[in-house]
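J.: Below are the chains, spelled out letter by letter.
2 protein chains.
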Amino acid sequence: MSASTNSTPMNEQVLQDYKLLDAINDRYGGVVVEVTEPLESTLFTSMLRASIARWRQQGKKGVWIKLPIQHANLVDPAVKEGFWYHHAEPNYLMLCYWIPEGTHTLPANASHRVCIGAFVMNEKREVLVVQENRGRFRGTGLWKFPTGVVDEGEDICTAAVREVKEETAVDTKFIEVLAFRQSHKAFFDKSDIFFLCLLEPLSSEIQIQETEIEAAKWMPFKEYASQPFVQKHELLKYSVDICLAKKDGKYSGFSPVPTSSAFSDENNYMYFNTRDLEG
Amino acid sequence: MSASTNSTPMNEQVLQDYKLLDAINDRYGGVVVEVTEPLESTLFTSMLRASIARWRQQGKKGVWIKLPIQHANLVDPAVKEGFWYHHAEPNYLMLCYWIPEGTHTLPANASHRVCIGAFVMNEKREVLVVQENRGRFRGTGLWKFPTGVVDEGEDICTAAVREVKEETAVDTKFIEVLAFRQSHKAFFDKSDIFFLCLLEPLSSEIQIQETEIEAAKWMPFKEYASQPFVQKHELLKYSVDICLAKKDGKYSGFSPVPTSSAFSDENNYMYFNTRDLEG
Numbered sequence: 001m002s003a004s005t006n007s008t009p010m011n012e013q014v015l016q017d018y019k020l021l022d023a024i025n026d027r028y029g030g031v032v033v034e035v036t037e038p039l040e041s042t043l044f045t046s047m048l049r050a051s052i053a054r055w056r057q058q059g060k061k062g063v064w065i066k067l068p069i070q071h072a073n074l075v076d077p078a079v080k081e082g083f084w085y086h087h088a089e090p091n092y093l094m095l096c097y098w099i100p101e102g103t104h105t106l107p108a109n110a111s112h113r114v115c116i117g118a119f120v121m122n123e124k125r126e127v128l129v130v131q132e133n134r135g136r137f138r139g140t141g142l143w144k145f146p147t148g149v150v151d152e153g154e155d156i157c158t159a160a161v162r163e164v165k166e167e168t169a170v171d172t173k174f175i176e177v178l179a180f181r182q183s184h185k186a187f188f189d190k191s192d193i194f195f196l197c198l199l200e201p202l203s204s205e206i207q208i209q210e211t212e213i214e215a216a217k218w219m220p221f222k223e224y225a226s227q228p229f230v231q232k233h234e235l236l237k238y239s240v241d242i243c244l245a246k247k248d249g250k251y252s253g254f255s256p257v258p259t260s261s262a263f264s265d266e267n268n269y270m271y272f273n274t275r276d277l278e279g
Numbered sequence: 001m002s003a004s005t006n007s008t009p010m011n012e013q014v015l016q017d018y019k020l021l022d023a024i025n026d027r028y029g030g031v032v033v034e035v036t037e038p039l040e041s042t043l044f045t046s047m048l049r050a051s052i053a054r055w056r057q058q059g060k061k062g063v064w065i066k067l068p069i070q071h072a073n074l075v076d077p078a079v080k081e082g083f084w085y086h087h088a089e090p091n092y093l094m095l096c097y098w099i100p101e102g103t104h105t106l107p108a109n110a111s112h113r114v115c116i117g118a119f120v121m122n123e124k125r126e127v128l129v130v131q132e133n134r135g136r137f138r139g140t141g142l143w144k145f146p147t148g149v150v151d152e153g154e155d156i157c158t159a160a161v162r163e164v165k166e167e168t169a170v171d172t173k174f175i176e177v178l179a180f181r182q183s184h185k186a187f188f189d190k191s192d193i194f195f196l197c198l199l200e201p202l203s204s205e206i207q208i209q210e211t212e213i214e215a216a217k218w219m220p221f222k223e224y225a226s227q228p229f230v231q232k233h234e235l236l237k238y239s240v241d242i243c244l245a246k247k248d249g250k251y252s253g254f255s256p257v258p259t260s261s262a263f264s265d266e267n268n269y270m271y272f273n274t275r276d277l278e279g
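Those sequence lines, one after another, are chains A and B.
So in this note's numbering, spot 219 of the first sequence is number 219, and the numbers just go up one at a time.
So in this note's numbering, spot 22 of the second sequence is number 22, and the numbers just go up one at a time.
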């Protein structure tokens with residue numbers, strides 16, 4: 001029997017006549033396909049149908065197709081076969097499909113961006129502050145803590161040290177998370193968690209990152225706190241109170257503790273109030 | 001002069017001959033297009049080129065195109081014009097483009113999923129535990145805290161109360177975040193933050209959510225803590241220690257405090273050690 005392109009259920013002979021998509025098994029009873037070579041869309045559709053028929057026979061559940069952006073011609077054919085979008089990064093789109101009857105149990109997409117703000121104070125009670133040359137505070141004259149986005153796969157404590165180093169060239173040691181704030185609709189419908197972090201300076205000389213930072217300096221904490229913008233916003237006012245309480249030894253945040261995970265072999269950081277637990 | 005479909009720079013007359021894409025301005029000097037009607041791909045390409053030429057004249061920067069999944073035929077044409085992927089949800093793909101010279105300043109995509117675990121203990125020192133009927137703990141006999149995923153746009157404190165209610169029908173009041181753990185490669189390259197939350201029970205009768213939960217009960221805390229799986233994993237052992245210290249009045253986590261934001265008109269929750277700040 002020769003290969004045919006209709007979409008009726010395929011028998012074993014027909015299945016064998018089609019080239020199937022290369023797939024690897026995931027640990028949840030599903031398969032992952034990564035398209036790495038250009039494919040003409042009609043051929044892709046035939047291969048996809050034959051592959052799904054095969055995976056159905058094998059009792060597979062979720063199907064993932066990772067489509068690099070250079071193969072964007074295959075998005076529409078995959079959607080026509082019933083795939084939907086799971087997530088996207090600049091250079092690829094992840095589509096998914098659920099073979100069994102009933103609702104799928106595929107994991108939810110990432111919903112939050114994670115950011116850090118770095119409170120770095122020296123022994124003269126001067127705080128490390130910057131003025132940004134782009135973004136919403138450009139040209140406002142506001143002196144603010146160094147801030148930045150935590151990359152996927154990056155620890156919060158690593159991101160804080162990295163951002164301070166990148167923006168000001170100051171070396172620091174991460175101490176603890178003092179507070180965090182969750183906000184919504186940070187961009188489109190996504191949410192945002194901002195971690196206020198305490199870092200200890202290990203060096204003092206400042207050299208600014210010119211693409212992002214207009215100016216940076218060590219500023220007396222009182223002067224930072226008295227800026228009208230800081231006084232006006234509860235988030236920043238609370239941050240000032242927390243930082244002061246911390247510096248006076250009255251406040252305990254969450255320190256990172258490396259822990260083994262129940263869910264993978266990797267070590268991860270757990271953040272908690274270690275002073276209270278030990279005390 | 002009549003409309004032409006070549007891609008050379010367009011003069012004012014040619015621009016006027018093309019229908020432009022409907023777009024709304026964003027607050028960062030960019031535009032957002034949401035495709036709501038079916039469009040043939042060649043026509044879309046012509047409209048997109050004419051629109052970009054217009055936006056360039058207007059000094060626009062970022063361009064966003066939100067493509068509902070039923071218009072997946074337009075993904076490939078947009079990519080061919082230089083768009084790349086920003087993020088995707090099951091029913092749409094967001095593409096973006098940067099008009100000015102130089103590197104773009106478009107916001108990063110969401111990188112983290114946010115989950116909660118709920119520690120709910122009654123006055124008899126019994127803790128609310130469940131057995132799941134799907135996922136990795138299915139059939140293991142492990143009794144665990146109710147857990148779940150925080151939706152985008154949902155407060156952590158709201159999600160914790162919702163998950164306990166959904167899984168067990170028990171009403172609770174959110175008290176504080178006791179600890180959190182960040183882990184990586186939770187799914188593909190995305191990361192995960194898990195917040196361990198303390199909740200106070202407001203009711204005791206259990207009714208399970210049968211799609212997800214096999215069984216639920218109030219279990220003596222000692223019995224929960226002595227499960228071999230809990231003893232074996234540092235994350236869970238620390239959680240037990242923290243929960244016990246909390247119940248004995250020796251531990252302070254982060255409580256949610258509603259705050260106005262410097263960045264939007266919405267109220268958001270800031271979480272910090274309110275006991276230390278007041279004390």
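Don't read these hints as lab results, they were simulated from the structure.
Possibly wrong hints are sitting among the right ones.
[Stated by the list, open to error] Simulated DEER-style distance windows between Cβ atoms:
(1) A/Glu81 x B/Glu123: 54 to 60 Å
(2) B/Gln209 x A/Asn122: 52 to 58 Å
(3) B/Arg134 x A/Gln231: 50 to 56 Å
(4) B/Ile24 x A/Asp26: 37 to 43 Å
(5) A/Pro228 x B/His104: 51 to 57 Å
(6) B/Lys185 x A/Asp171: 36 to 42 Å
(7) A/Thr103 x B/Gly139: 40 to 46 Å
(8) B/Glu34 x A/Glu278: 50 to 56 Å
(9) A/Glu278 x B/Glu123: 26 to 32 Å
(10) A/Asp241 x B/Asn25: 35 to 41 Å
(11) B/Gly82 x A/Gly82: 48 to 54 Å
(12) A/Arg134 x B/Glu214: 51 to 57 Å
(13) A/Glu166 x B/Ile206: 47 to 53 Å
(14) B/Asp189 x A/Thr211: 38 to 44 Å
[To be verified] Listed below are the simulated DSS-like cross-link pairs for lysine-lysine, each with C-alpha atoms no more than 27 Å apart in a straight line:
(15) B/Lys66 x A/Lys185
(16) B/Lys80 x A/Lys61
(17) B/Lys66 x A/Lys250
(18) A/Lys144 x B/Lys61
(19) B/Lys80 x A/Lys80
(20) B/Lys247 x B/Lys165
(21) B/Lys124 x B/Lys61
In this text, a Cβ means the ideal position worked out from N, Cα and C, and glycines have one as well.
J.: The structure should be examined with respect to each hint, and the outcome stated for every one.
T.: Against the structure, the hints come out as follows:
The hint said 54 to 60 Å for the Cβ distance between A/Glu81 and B/Glu123, and at roughly 56 Å that hint holds. Checked against the hint of 52 to 58 Å, the C-beta distance between B/Gln209 and A/Asn122 comes to roughly 53 Å, which is consistent with it. For the pair B/Arg134 and A/Gln231, the supplied restraint of 50 to 56 Å holds, since their beta-carbon distance comes to about 51 Å. Hint check: B/Ile24 to A/Asp26, Cβ distance near 40 Å, so the stated range 37 to 43 Å holds.
A/Pro228 and B/His104 have their C-beta atoms about 32 Å apart, which leaves the hinted 51 to 57 Å range violated. One distance hint, 36 to 42 Å for the beta-carbon pair B/Lys185 and A/Asp171, is violated here, with the actual separation near 29 Å. At about 20 Å, the CB distance of A/Thr103 to B/Gly139 disagrees with the hint of 40 to 46 Å. Between B/Glu34 and A/Glu278 the C-beta distance comes to about 54 Å, which sits within the given range of 50 to 56 Å.
Between A/Glu278 and B/Glu123, the C-beta spacing of about 27 Å keeps the proposed range 26 to 32 Å intact. About 38 Å separates the C-beta atoms of A/Asp241 and B/Asn25, a value consistent with the hinted range of 35 to 41 Å. The supplied range of 48 to 54 Å is broken by B/Gly82 and A/Gly82, whose beta-carbon atoms lie about 30 Å from each other. Between A/Arg134 and B/Glu214 the CB atoms are about 52 Å apart, so this pair conforms to the stated range of 51 to 57 Å.
With their beta carbons about 51 Å apart, A/Glu166 and B/Ile206 fall inside the hinted range of 47 to 53 Å. The given range of 38 to 44 Å is broken by B/Asp189 and A/Thr211, whose C-beta atoms sit roughly 25 Å from each other. Taking the CA atoms of B/Lys66 and A/Lys185, the gap is near 16 Å; set against the 27 Å cutoff, the hint holds. A threshold of 27 Å between alpha carbons decides the hint, and for B/Lys80 with A/Lys61 the separation of about 33 Å lies outside it, so the pair is violated.
Distance check on the hinted pair: B/Lys66 and A/Lys250 sit about 49 Å apart at the alpha-carbon level, beyond 27 Å; violated. Taking the CA atoms of A/Lys144 and B/Lys61, the gap is about 26 Å. The hint holds against a cut of 27 Å. A threshold of 27 Å between alpha carbons decides the hint, and for B/Lys80 with A/Lys80 the separation of about 20 Å falls inside it, so the pair holds. Between B/Lys247 and B/Lys165 the CA atoms are separated by roughly 22 Å; this keeps the pair inside 27 Å, and the hint holds.
The hinted pair formed by B/Lys124 and B/Lys61 fails the criterion: a straight-line CA distance of about 61 Å is larger than 27 Å.
Against the hints set out earlier in the document, violations occur for numbers 5, 6, 7, 11, 14, 16, 17 and 21.
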